[in-house]
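Given the coordinates of chain E, assemble chain P onto it according to the supplied hints.
Sequence lines, in order, name chains E and P. Going letter by letter, the first sequence gives residues 1 to 438 in the numbering used here. Going letter by letter, the second sequence gives residues 1001 to 1270 in the numbering used here.
Careful, some of the hints might be misleading.
No more than 30 angstroms apart at the CA atoms, straight line, and that leaves these computed lysine-lysine pairs for DSBU-like [as the list claims (entries may be wrong)]:
#1 K1216/P with K114/E
#2 K75/E with K1044/P
#3 K1216/P with K327/E
#4 K1129/P with K327/E
#5 K69/E with K1217/P
#6 K54/E with K1217/P
#7 K54/E with K1056/P
#8 K75/E with K1129/P
#9 K240/E with K430/E
#10 K200/E with K1044/P
#11 K1217/P with K75/E
#12 K1217/P with K327/E
#13 K69/E with K1044/P
#14 K197/E with K1044/P
#15 K114/E with K1005/P
#16 K1044/P with K54/E
Incomplete in silico selection of chain E near chain P, CB under 7 angstroms [as the list claims (entries may be wrong)]:
#17 D52
#18 P53
#19 F58
#20 I79
#21 D85
#22 K89
#23 G96
#24 S98
#25 G173
#26 Y174
#27 V265
#28 T271
#29 E387
#30 S390
#31 Q394
#32 Y402
In short, the hints are calculated from the structure, not lab data. Just so we're clear, the structure is a prediction, and the values are computed from it rather than from any experiment. For each residue, glycine too, the CB sits at the ideal point set by N, CA and C.
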Amino acid sequence: MKRKLLSVTLMIAMVACLFTGCSKNDGSSKTGSNNAGSKTSDQVTLTVWCWDPKFNCFAMDTAGEIYAKDHPNVKVEVIETAWNDIQTKLTTAVTGQSNTLPDIILMQDNALAKNIINYPDAFFDLTNSGIKFDQFASFKTALGTVNGKNYSVPFDNGAAITCYRTDILEQAGYTIDDFTNITWKEFIEKGKVVLEKTGKPLLSNQAGSPDLLMLMMQSAGAWVLDENGKPNFKDNAVLKEVIDTYVELEKSGVLVEVNDWDQYVSSINSTTVAGAMNGCWIIATVTSAADQSGLWGVTNIPKLSCAGATNYSSQGGSSWLVCANSKNKDVAADFLGATFGGSVELYETILPSSGALATYLPAGESAAYAKPQDFFRGDTIYLKITEYASKVPQVSYGVYNYEARDAIGTAITKIVAGTDYNTAISEAQKELEFQMGQ
Amino acid sequence: MTKAKIRYFFAYAFLILVSFISVFPLLWMLISATNTSLDVIRGKMSFGTALVDNFKQLVQTTQIGQALINSFRNAFVLTIMSLLVCSLAGYAFEIYHDKWKDGVMKLLLLSMMVPFAATMIPLFTWFGKMNLINTTAGFMLPSISTAFLIFLFRQSSRSFPYEIVEAARLEGMSEIRIFTRIFVPIMKPTYAAAITVTFMNAWNSYLWPLVILQDKKSQTMPILISNLISGYTINYGVLMLAVSISTLPTILIFFVLQKNFTEGITGAVK
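In isolation and in its complexed conformation, chain E is listed as follows (with noise of 0.2 angstroms):
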């Protein structure tokens, strides 16, 4: 009988220790886990989620060490979070009302205004927090801005570039000033030329992959939601040309589908093709090829034939939101606003090492952004593409716009199939208002 009680207490006791002593609870969640309170001087941890060690979590590190200088009572510390991960544990979070957010998040400018506009009380209203917003880029402020509130600090520049492999367009009797502010009638064109005299198509594109054709649609200024967050599919002219152009492209093997991201990078690194058309951190792949290091060039992007049209877009790029039910979401603010901005010496120490386009206008004028790259000739990509981004059109993405875009996805998926043009969007536009609930 003493052994069947001891082995029960045993048992009892090993089971109580599974789940007490493996317990990592310490009572303190991530949201203030440190209360600032009024008082400067107490010790406050600010913390992050973000992705990618060596470009937005190292920013975010730098940022707080030269936020620490000035005031040591603040220390950062980052949780590396994929994107997605990211989107899944706020949803959760919110819909599941916990105070298990940070008090920074990093977010995908394309799922900026969604977030905003469907959980408007989970984030800290920027707009009198003295944050300089008129020094950043306009489109990524607009992307921002909810209602007339800001809600986000603008940190990775999406502004999109045209890499091209110099010595192959050289092969073809063109250099990249050829390419530079031409319209997509004269891209394919040439691009037939580099084709026919190299064997090398100019573009690769994922198959069924919409961010092309929105960044393209972009450059004009147009969208493919309306002001009101609709469907603008039909009668859109602009999305019209924009897809008859990618059909060009397709048809003409200027550009080449591949099926996913891998086989993307692949064909820009193996030199399969001849460039690459994306947001400009593009530049940290097609860079990743040591050996091509002097070969490549970088200029704008070509522009349609409609009214509006520009040289100019955006394809990506990321911001930080201050979380509102953050303890610490004043000093977040002001961290921010101190590092992202304000600092120039955080985007001249991150940009060599991570290749970290700043939006902050004033960066721009620093010296790290006018030294030449070797990996593009000597040229001074930086300032290049800091120029393009105070050039790239406003647009309002919409809460559907992950949505919308899918639905472009597919539609241009059966178009190259052979698919009519109408039927495909009108398809698209029905899928949408389905997903939409209208």
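Quick look at chain P alone, frame taken from chain E:
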């Protein structure tokens, strides 16, 4: 060559081809772990010399040691607890008679049809109120009792000779002793199958640990791998090395318990 030999030749050729196709992703993963990212992208299909560099980079840029410990602890504890609860439940469903038990079993089986994503937010809200976020208990509780494991043990218990239970009772053995001394040893293959399935599921679980274990030090291997993929530039060599390391424990468990797994899953009792 006789007809039979030709048939064997084609059969073996087919089997070799299918085996190669099955093993190829694993082989490619191992080859890629020894190459640089650029070599992987360019499709190099032979072993390289970058394994040490990839390992150094993996250790420097991630907390792989902590993630391995976390994943192992979570999977180990969950497997033990799960086996304890589900084998008792499966045994009870078969050995004890109650007019409601079939109805309850059907309800349990129906619960398998509800995707976890649908119950995740209510669970998260509930666990938040119980202060279970960032705790191992919070991670384990939703998976300790699974309809699949209870069903597996119940089905296996069907071939368990009931006469032994009756004889043991006549001899004066307690119910707990009958379960631990007679049922558990006889049902070893089923336990082996359950260990394999539960350990693999716990090791690979992603969505629930992602939302419930939010502390920086709680990161598990699948989340670490997800972070490696989320960069603007992916180092495929480092990524494949992390995936290889993450795959090893599950491969090990599967090979050790392989024989029993096959028997257990078919409900065999020796």
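**Message:** Hint compliance check: list the failing hint numbers for this structure, sorted ascending.
**Reply:** Numbers 2, 13, 15, 19, 25, 26, 28, 29, 30, 31 and 32 - these are the hints that the structure violates, sorted from lowest upward.
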